[in-house]
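Protein chains in written order, with the numbering used here: chain A, 1 to 372; chain B, 1 to 259.
Keep in mind the hints are simulated off the structure, nothing from the lab.
Remember, predicted model here, so these are calculated numbers, not experimental data.
Even glycine gets a Cβ: it sits at the ideal position worked out from N, Cα and C.
Some hints here could point you the wrong way.
Reference listing, derived: stretches of chain B covered by chain A, where coverage requires no fewer than 3 residues with Cβ under 8 Å from a Cβ of chain A [claimed, not checked]:
no., region
1, 65–72
2, 182–192
Cross-link-like lysine-lysine pairs, in silico, DSSO-like; alpha carbons within 27 Å at most [to be verified]:
no., chain 1, residue 1, chain 2, residue 2
3, B, Lys-251, A, Lys-101
4, A, Lys-13, B, Lys-48
5, B, Lys-219, B, Lys-232
Anything over 10 Å on all C-beta distances counts as not near chain B; from chain A, calculated [unchecked claim]:
no., residue
6, Arg-33
7, Gly-186
8, Asn-266
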Amino acid sequence: MISEMARDFAQDKVIPFAMHWDQSHEFPLETLREMGQLGLLGMTISEEFEGAGLDTVSYALAVMEISKGCSSVAVTMCVNHLVGSILQDYGSLEQKERYLKDLASGREIGSFCLTEPQAGSDAQNQKTRATKTDRGWLLQGKKAWITNGTYASVFVVTAVTAEDASGKKEITAFLVPREAKGLILGKPEHKMGQCASNTIEVTLEGVELPLDAVIGGENGFKVMMNGLNSGRIGIAALCCGIARAAIREAVNYANERVAFGSPIANLQAIQFKIADMVTSLEAAELLTLKAAWIKDSGKNYMEAASMAKVFASEMVNRVTAEALQIHGGNGYVREYLVEKLYRDARITTIYEGTSEIQRLVIGRGVLKKGFL
Amino acid sequence: MKIFICCKQVPDVAMTIQIKDGKFISEGMNYVLNAYDASCVEESLVLKEKYGAEVTLVLIGDEAGKEALRKGLAMGADNAFHIMDPALNQIGSQAAAKVLQAFFKGRDFDFILTGKQAQDSDMGLAGGILSEMLNLPYVTNAVGLDMADNKVVVRRQGDEGVEVIHMPMPSLITCSNDMNDPRIPSLKGIMASKKKPMEQLSLADLGLSADEVLRESKKSSLKSFSLPPARKSGAKIEGDAQTLVATLMEKLTKEAKVL
């Protein structure tokens, strides 16, 4: 029923506008507000803080449906969810009261600032510094590729707070309100895909924060890693949604397009492509839902989330490429949705941890624990 | 105010309908709340928000009917009755009205709403038959509802415009899906729907026997289904402008005879 509801929403409020948003680079703020009212922006946040109190499996199913409509809307939903989850898991009661209700209900949108121009996969090497002052903290640095930045009311920002003799850094997470002095929001990036999502550079020029702006105390690194881990399940689901849309488009096109005297769906070359596409999508969906289920059962889901993310993101790149191939030249022009889906898919092996990082996580995890 | 909505679960029209040997293949179909009935739910909820009301759903159907009822409850209806009995599989409008007549016997209500037809069979009969059986004033094809002076103000789409009819209560009104845009249930609504009362009733609970239903069913019967014939593909004329015009003129005058 949750899938059906998200599907209905995407059908009525997302799909009719997705091509327009993509081409105009318009951020669908009104649509997001409506999603908030329906509970789609705070799905796993407890009802106490105006969330829907659902589990991660439900969340993943909903992201799949929304992403099938438009992955830009889905990624905005995912990042908002990531910030909400961090607040739910690590925020003080006061921080939750101040920010979480607004994020869970979609009245406000959140943003997560980890990546820097010179520190993406190498997150330990971030340069943003937070120094203690008489009154609190002073933040200095630059964050790159920040989703939702222009529209966010609160930013979770990670910064280095100490460094030992060996060069090991202590990372702390801060809640920075939009109105903080010295918080400079850059212009939206012009991206290849997911054009209706908002991505900017955020500069912290001597941002002064009170002591209680810290979230998760000493565990800044854990806040960051847990955030990314759970975020990976959302992105894996997002990939499945794009792939589902691409296969739908490819199937419709193959049934309509006539070549050699009959629809190309009658050609084995096309049938085999479709077979591989749906099979790999099915596998990605199962990996995604399994990771969500492990998370819901309270067990360590780090490798499971990485497996889902790396598999689903590489799957959607193959699937959208094949869907475009089935469309022939038509797939290369903007009149056809598959062209958008192909561009939208490309980022997924990069953001929320590159494929290379996912493989590190999986490989190291398995080798450390042993494999029976 | 007590509003009852008679609902039906119908195959999801977004799916491909399959027919074999004159029979509808229900296997693998998703069943959803009839769109016309969803409009009844939406309109009732607006009246409820405005004037206060208890909105009750009633549905005749098998297990699949539960999902349709859940959808209405998730939208915001208060409670539901699910009439389920092996003798009720594949019944027509006449028998359905008979069962609903038994259901409404002795029940207190202000008005009954139902979709002007169901998306599956498009018969549009059950509402009219039920109003006759219950001896209720009846109006069809409502596109808007409101209340005034203890009457239901029905805006009805007629042949030549919208008619405004003041219906006394109790009465029965069938509704168009042009009436509104049914709300998408919120996640909170979906969760809450699990806790809302849904009472299951059998024929025996309604004081009816399978024979009585069968007798009503026999008054009309559905012999077979068939898909509409596939549309013939159009003719494509090729050539330069002169040939195109000449060929088209020839076809319009001699073949189609419209000129």
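field: Violated constraints from the hint list, given by number and in increasing order
entry: Hints 3, 5 contradicted; others consistent.
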